[in-house]
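K.L.:
Build the full structure now, drawing on both the sequences and the hints.
2 protein chains.
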Amino acid sequence: MEKTLDVQGMSCGHCKASVEGALNKLDGVEEAEANVATGKVNVTFDEAKVNEQALKEAIEEQGYDVQ
Amino acid sequence: MEKTLDVQGMSCGHCKASVEGALNKLDGVEEAEANVATGKVNVTFDEAKVNEQALKEAIEEQGYDVQ
Numbered sequence: 000m001e002k003t004l005d006v007q008g009m010s011c012g013h014c015k016a017s018v019e020g021a022l023n024k025l026d027g028v029e030e031a032e033a034n035v036a037t038g039k040v041n042v043t044f045d046e047a048k049v050n051e052q053a054l055k056e057a058i059e060e061q062g063y064d065v066q
Numbered sequence: 000m001e002k003t004l005d006v007q008g009m010s011c012g013h014c015k016a017s018v019e020g021a022l023n024k025l026d027g028v029e030e031a032e033a034n035v036a037t038g039k040v041n042v043t044f045d046e047a048k049v050n051e052q053a054l055k056e057a058i059e060e061q062g063y064d065v066q
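Quick note, the sequences are listed as chains A and B, same order. Using numbering that gives the first Met the number 0, you'd call the opening residue of the first sequence number 0 and step up by one each time. Using numbering that gives the first Met the number 0, you'd call the opening residue of the second sequence number 0 and step up by one each time.
These aren't lab readings, by the way, just hints derived from the structure by calculation. Quick reminder that beta carbons are idealized off the backbone N, C-alpha and C, glycines included. Take the hints with a grain of salt, since some may be wrong.
[As the list claims (entries may be wrong)] If we take Cβ atoms under 7 Å as the criterion, some of the chain A residues that face chain B in the derived model are: (1) SER10; (2) CYS11; (3) HIS13; (4) CYS14.
[Said to hold, decoys possible] Ranges between beta-carbon positions, derived for each pair: (5) A:GLU59 to B:ALA16: 15 to 23 Å; (6) B:GLU29 to A:GLY27: 45 to 53 Å; (7) A:GLU30 to B:GLU60: 51 to 59 Å.
P.N.:
Set out below in structure tokens:
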């Protein structure tokens, strides 16, 4: 499944790396791509292994708000 | 010696950490404090061991411009 999340507060390449890194660490996430300019985070994941709530929590743990 | 540098482009806590970390790695730097809101980086250092040019280069290597 592919889903785009709206994330507030990503301001630089470090932020991008921390969000993508946190998502990629989750079992079931196949691809994560964060766009700092738009705040969009595109995630491809296996719904049998991980859900949208877990994706959001992983991002929030890095200190960013998910809309 | 204490010196305040003007740094462009620090936007978040990761930026602060990367600038301070790069400065603290230099022999002769006693203290480094970056303020993301103002762009001011305050450095206390031993002039016998390190000079302002080396401080600026360390910051620039992290991807920020020093005025």
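K.L.:
With reference to the structure, classify each hint as holding or not holding.
P.N.:
We went through each hint and held it up to the structure:
1. SER10: holds, 4 Å
2. CYS11: holds, 5 Å
3. HIS13: This interface hint holds because 3 Å falls under the 7 Å limit.
4. CYS14: holds, 6 Å
5. A:GLU59 to B:ALA16: 15 to 23 Å: holds, 20 Å
6. B:GLU29 to A:GLY27: 45 to 53 Å: holds, 47 Å
7. A:GLU30 to B:GLU60: 51 to 59 Å: violated, 30 Å
This entry does not satisfy hint 7, going by the numbered hints stated previously; all others are met.
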